[in-house]
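Asker: Next come the chains, spelled out residue by residue.
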Amino acid sequence: MNRWSAETVARAEEIVARYPEKRSAVMPLLYLAMIEDRHLTNEGMEEVSRWVGLTPAQVRSVASFYTMYKREPTGRYLVSCCTSISCMLLGGDEVLQAVEDESGVPHGETGEDGLLSVEHVECIGACGGAPAVQVNYELVEGLTPEKARDLIRWLRNALPEVVNADEMQELFGGRRSFDWAVKEPWGAIGPFPAFQPLGTVGSETAE
Amino acid sequence: MSAPLIVTRRMMERPSDSHTIDAYEETGGYVQARRALGMTRDELVETVKSSGLLGRGGAAFSAGLKWSFLAPARPSYLVVNGDESEPGTFKDRQLLERDPHQMLEGIIITAVANEVHHAFVYIRGEYPKPARRVQAAVSDAYSKGYLGKGIFGTDFDLEVVVHLGGGAYICGEETALINSLEGKRGEPRIKPPYFPAAKGLYMMPTIVNNVETVSNLAHILEMGSDEYTKLAHQTDTGTFMFSVSGHVKKPGNYELPHGITWRELIYDVAGGMRDDNELKAWIPGGASAPWFVPEHHLDLEITKDATAAAGSMLGSGAVIVMDHTTCTVRAAERLVRFFAHESCGQCTPCREGTTWLEMILQRIEDGQGRDVDLPLLLDVSDGISVGLGWPPRMTTICPLGPSAVSPIIALRNYFQDEVMEHVRGGACPLPPVAQQQVIAGSRQGGGAE
Amino acid sequence: MSESINPTVEPLHVIVDGQEFEVAPGEMLIKAAQDNGTYIPRFCWHERMKPVGMCRMCLVEVDSPRGPMLVPSCTTPVAEAMVVDTASPTVKKAQEAVLEFLLANHPLDCPVCDKGGECPLQDQALSHGPGDSRFVEIKRHYEKPIPISDLVLLDRERCILCARCTRFSEEISGDPLIEFQDRGNGTEVNTFPDLPFSSYFSGNTVQICPVGALTAKPYRFRARPWDLTMVESSGMFDTVHPRISIHASQNQILRIVGVDNDATNHGWLSDKDRFGFEYLRSEQRLTLPLVRRGGELVETTWSEALDMVANRVDLISDEDGGSAFAVIGGAHGTNEDAYALSKFARVSLRTNNIDCRVDDAMAPHFLAATVDRALISDLDTADTIVVWGPDLKEENPTLYLRVRRAAQELGADLVVIHPRGTGLDDRATRKLNYRPGGGFALLDDIASGKHPDVTALLVADRVVVIVGRASAADDPRLAESVAAYVRSKAGSVRILPLARRANTFGALDMGLAPDLLPGRVHLGAIGCANLAASWGDIPTTPGKSTAEILEALEQGEVRCLFLVGADPVNDSTRGPGWVEALEAAEYVVAIDLFVNDSNRVADVIFPALGFAEKEGTVTNLEGRVQKANALLPGPGQSRVDWSILSDIATRMGRPIGLESAEIIAKEIAEVSPAYEGVTWDLLEWEKHDGVVVPISGAQPINHIPVALAGAPPPKSKLALHVARTLYDDGVLMRHSPSLRKLAPGPVVHLNPADALRIGAEAASAMSVATKDGEGVFFAVIDDDTPKGVIYVPFNQPGAVPLGSDPAVRVNPVAK
Ligand SMILES: Cc1cc2nc3c(=O)[nH]c(=O)nc-3n(C[C@H](O)[C@H](O)[C@H](O)COP(=O)(O)O)c2cc1C
Ligand code: SF4
Ligand code: FES
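Residue numbers (our numbering), protein chains in the order written: chain B, 1 to 207; chain X, 1 to 449; chain L, 1 to 815.
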């Protein structure tokens, strides 16, 4: 039955072992399922249901409650533009507009080439550096419509293996919510959060 | 102004490595954790109680008191709330990224005080970098023997799990957060009976505290609660992290003592209005808080009580500032849209009411407003928060629904004419953001130094 | 809730709208108010489920130090001196708002909605609704009714998200296949793609849906509530006899709904009890007596058929006396019918060859008159519940719900023992699987301490043991031994023996067994004396059981057989072996609704009335006597059993003098000690949930020494487990199309390991062979079936009977 790679299975076992009750592992396991298939498929949810002893309906009920478990195919780069209050006050809507124009992808959709997905999101905690955008959940603060266009072009041309926040901030960012201090080599390897236990942390130096 | 820095001092002094365990220990880190291990539950609870530390997650409830309410059943659990999603708020993000060990030490202290051997840090899914930093810190702490079996060579075990959210603001509400951590939909539970300290995670006694709250603990033990209370202004002790955003010259996080005035915060600390524009309104405590306006509130002291007396709250410490170019209908629409989008959908008034409010506001902003729409807005709001008073008389399970009413109250109190201009003129009377010179040159450098 | 209020605890005092009353602690405000005459409107709250406080319709104001507080009355427990206002301006405002919010996105299709006329939302809207909607925005839109199972449709536009259906499936029936999906304003109820809500209890969600979102296919658009006639009655598909209400229009049953009560079903019904009535209006129903002419069964008049039978029976009786007669059946009808049959056999036919058991085959005394028989409500207070018998979810769904609740909500430890997975396993403290036929061996092991964890659970104060036949391969005496063993362990043990046909317990109470007389009286001097008055002298030697009767029939010892609502050929794993006997029978008289595989050989068949067509009483497995009521006429000239028997008896010149069902009921009360004082009047549903009749003449249970008992577990690699499923090919199901298509059909369940070894794939054709039969079955590969066990559901459409012997061979059918 098991459709997951040995590596994913190993991670899943580690994750389940961390919690007093296995049902608590549902959310991390949903991320694993999403990473395996590049988006959260029905098979993925069925797999998770077997891990935690729920019915697939129960697992889907949980998954569909949250915005980050994408049940539709998502582009290699997920561009999330914040249009909540603080970003809106400083041009978040215009940045979204620019991203849509430049990418040709309306928010909530994915381009034919499967490279870019665009969405507008609620507050991502970057209000001090508004307007802000995330690419695969890696942050760029203090954008302008022009810089946003550049960002999209760059993604198209550079096709970064690892999406690194410091790199994007340097190239396209402006004011930040606070001093980011040291640069990090880490970044995201796909349209899901880069987090050690999920095995999704990519490193540029590693290339 | 000379503010004593507590939770942000280390990151100011050692910007390059404040997040590492070495830097942390070189600056006195983990000393208090060791001390705590030698103290009793009562001593610790008493210390924190008398320090007057209030929760920084929004409810501003005494941390020590909360601990003292912990029911006797065991195992007990600790969940640190790092779901920070209240629009305008970004302080926890800085604390997590820049000084994760400070929070970990707080976790150890809280764990000892509440006989907890399994703690969780719930970090919102859109915060991978903070989560990475905390995970790294946790691993370092494990390898040094500060976490895991028999920490610091004592017989006290403490497991810490970093749990990534999935994208849902409501999971910041403590009982929703617990459901989420149990692998369920992030729907708030009914209080009573589900007060976390009594029936929390896995129906066991559970302490839920905010990142900033926990980050204060080592310092309280270090300086002693008396010292700490000396930083007091009236009732509110310690410092408070404000996340200032919007139309000010210097947005950012500012750690300040209570008791300064809003004028000082906006004009001195945050550098005043961008392009010296006119201040129109500000939200004192995150998207959920009723708005303040210069005519009435500029010289109000920033304390829990003074803010409450004026019909609002300090909440999560997010101050969102709007200048005269701001369309308050658009601003209200954006805030209400947020709550509608984040409503868990359990209870009728929030699920249906917030979306309805959003639709009406959008119509008005689009110039499709009708004369009846303002009274309708108020009446629909009345069905979510009966009487539109403060604190709200909720018809809902949790405060999210009523939070969506705060902007409507602001429109009623201060901006009715602007709403009616939209209706009569059949269009928004203010210039779109695009035509404002927001792309000002002053955009380099980094927020709150 | 179903726990009766404990009289020893001090009641609290609350004041609701100025009126003070006493309430039991722990009671929720909404219920307390309701019980004292104040109805607080609600949508999500349901008395039999945990409160969730979601719809917010039940908000009330409660006084507090900080002034009146707005709280949901469904989640607020009463407190001493609580002062409640259910009608303050604030409360009214809140309620009107909630109502307007619910209606904002609700379609205005009441005129075409099944719920129209009995819809709480509609009622509320009419009483304190806002009038015309101020909601001018675009309503939420969903695809109109989508099927979420074979029986239930879901209209998401009508749904008000009260979570009653999702809570039922998770909390009560234990199959969470419908759940909330998405969130906020986009929240909807739905199943997982391609994974239907295939629950045996799905109909309950339709019943508790407060709007017309969930509808039952069999009922949709058939009628409006106001042109229905209704009567309360007892469900006739399992031995619990759930309390039901039958709704009909133009002499056709349109639907059956559960009626809430503490005693039996808490208002819940299995889909079989709810939807299993289609057979009543089947074209195949018998409408006239049939007699055999030139080998053919042809319709005739009642007088002719009755005379033919009377004459023939007289003849045989004169030649060979009572021993030439036998009666099988009587467990499907009312107690009154059963009593008439019992009296007819003893008084008119002068025989004790009479048996209502077809294959349960447990000792009549054990079934009907075991000491310490449990009440269903004993489950609620049990420390340990042992279920060693059929998978309750399949064979006794109503009882399944009560056991599940006891284990899940009321903290009972549950021990389940069965050859494979059962519906209760997920709630079991301990589960033991055993090889079919190995029951006695396992009992031996347990008795000799090989399963300490199980024995530990048995040493408790209050133990309820539910025993029945888990597998066709089990020795029927196993159940009695299990009961005896547990009894020897625990403090107080209560025993609940299971039988299948709905009124088996009533039939046994009326003496439809070779050695029992009415009132569970052992056939012997005392019994006869008691009866003598109305029955005269009757044969006193015990008669033959069903199996013995069929053998005797084959030998010609028994010449005339009465088959009353029975189909032994299909109803027993031994059935196929009985066909010859029946064909050999000299004279067979049947009383039935249909021609079936057993009575097709009859010389005369009388058309009988069925469920809801006749009035009487029934007795459930705990000895509870309940009323079964009539709402419809039978088809054609069909008649009630007792009157048919009475006519035959009269024509034979050996009358049994029974004029009406109610008179029969009186006679039962006179002649059978246990039923003393049980009158129809007492059984009016408004008055009682039936009455439990005492066990008189209780019989001790026997521990059959394992040495003597049953066959040892089969040596063969594979052991065949044959057991019943809720839906099968029984006669009534055969004529109930909506349910029959849900029967699993010819399938064979294998463990993945065995499947791999044998070369079976999901749905691949397998040949299954035993000494009694061989046929093609389609493979189902599941972990519920342990290695070495082969499970084949009994009596399935299109399935070859395999008998009961566990020795079995399974091979892929060569393609
Ligand atoms: C809708 C809602 C959202 C909330 N979001 C957060 C949050 O993001 N972070 C947080 O720490 N507390 C949040 N809270 C407050 C928590 O419920 C809880 O009071 C807090 O985490 C307790 O920690 P503290 O006492 O240290 O403040 C929220 C409350 C509500 C009602
Ligand atoms: S108020 Fe909104 S978020 Fe809170 S429980 Fe109700 S529906 Fe959910
Ligand atoms: S009945 Fe109380 S909230 Fe629904």
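Bear in mind the hints are in silico, worked out from the structure with no lab data behind them. Don't take every hint at face value.
[To be verified] Calculated Cβ distances over 12 Å to all of chain X for the following chain B residues:
{"id": "1", "residue": "Glu7"}
{"id": "2", "residue": "Glu13"}
{"id": "3", "residue": "Asp37"}
{"id": "4", "residue": "His39"}
{"id": "5", "residue": "Arg50"}
{"id": "6", "residue": "Pro73"}
{"id": "7", "residue": "Pro106"}
{"id": "8", "residue": "Trp154"}
{"id": "9", "residue": "Ser177"}
[Claimed, not checked] Selected chain L positions facing chain B (in silico; Cβ < 8 Å):
{"id": "10", "residue": "Pro176"}
{"id": "11", "residue": "Gln181"}
{"id": "12", "residue": "Asn185"}
{"id": "13", "residue": "Phe192"}
{"id": "14", "residue": "Pro193"}
{"id": "15", "residue": "Glu686"}
{"id": "16", "residue": "Lys687"}
{"id": "17", "residue": "Ile695"}
[As the list claims (entries may be wrong)] Distance windows between CB atoms, simulated:
{"id": "18", "chain 1": "X", "residue 1": "Ser62", "chain 2": "L", "residue 2": "Val9", "range": "34 to 44 Å"}
{"id": "19", "chain 1": "L", "residue 1": "Val9", "chain 2": "X", "residue 2": "Ser143", "range": "30 to 40 Å"}
{"id": "20", "chain 1": "B", "residue 1": "Gln196", "chain 2": "X", "residue 2": "Pro15", "range": "18 to 28 Å"}
{"id": "21", "chain 1": "L", "residue 1": "Pro752", "chain 2": "B", "residue 2": "Glu161", "range": "50 to 60 Å"}
{"id": "22", "chain 1": "L", "residue 1": "Ser88", "chain 2": "X", "residue 2": "Leu378", "range": "51 to 61 Å"}
Note that beta-carbon positions come from the ideal geometry of N, C-alpha and C, so glycine has one too.
Asker: So, for every hint listed, does it hold in this structure?
Answerer: These are the hints, each one checked on the structure:
no. : hint                            : verdict
1   : Glu7                            : 18 Å, holds
2   : Glu13                           : 15 Å, holds
3   : Asp37                           : 17 Å, holds
4   : His39                           : 14 Å, holds
5   : Arg50                           : 14 Å, holds
6   : Pro73                           : 18 Å, holds
7   : Pro106                          : 18 Å, holds
8   : Trp154                          : 19 Å, holds
9   : Ser177                          : 5 Å, violated
10  : Pro176                          : 5 Å, holds
11  : Gln181                          : 5 Å, holds
12  : Asn185                          : 13 Å, violated
13  : Phe192                          : 4 Å, holds
14  : Pro193                          : 6 Å, holds
15  : Glu686                          : 40 Å, violated
16  : Lys687                          : 42 Å, violated
17  : Ile695                          : 42 Å, violated
18  : Ser62/X x Val9/L: 34 to 44 Å    : 36 Å, holds
19  : Val9/L x Ser143/X: 30 to 40 Å   : 56 Å, violated
20  : Gln196/B x Pro15/X: 18 to 28 Å  : 24 Å, holds
21  : Pro752/L x Glu161/B: 50 to 60 Å : 41 Å, violated
22  : Ser88/L x Leu378/X: 51 to 61 Å  : 20 Å, violated
Violated hints for the displayed structure, listed by number in ascending order: 9, 12, 15, 16, 17, 19, 21, 22.
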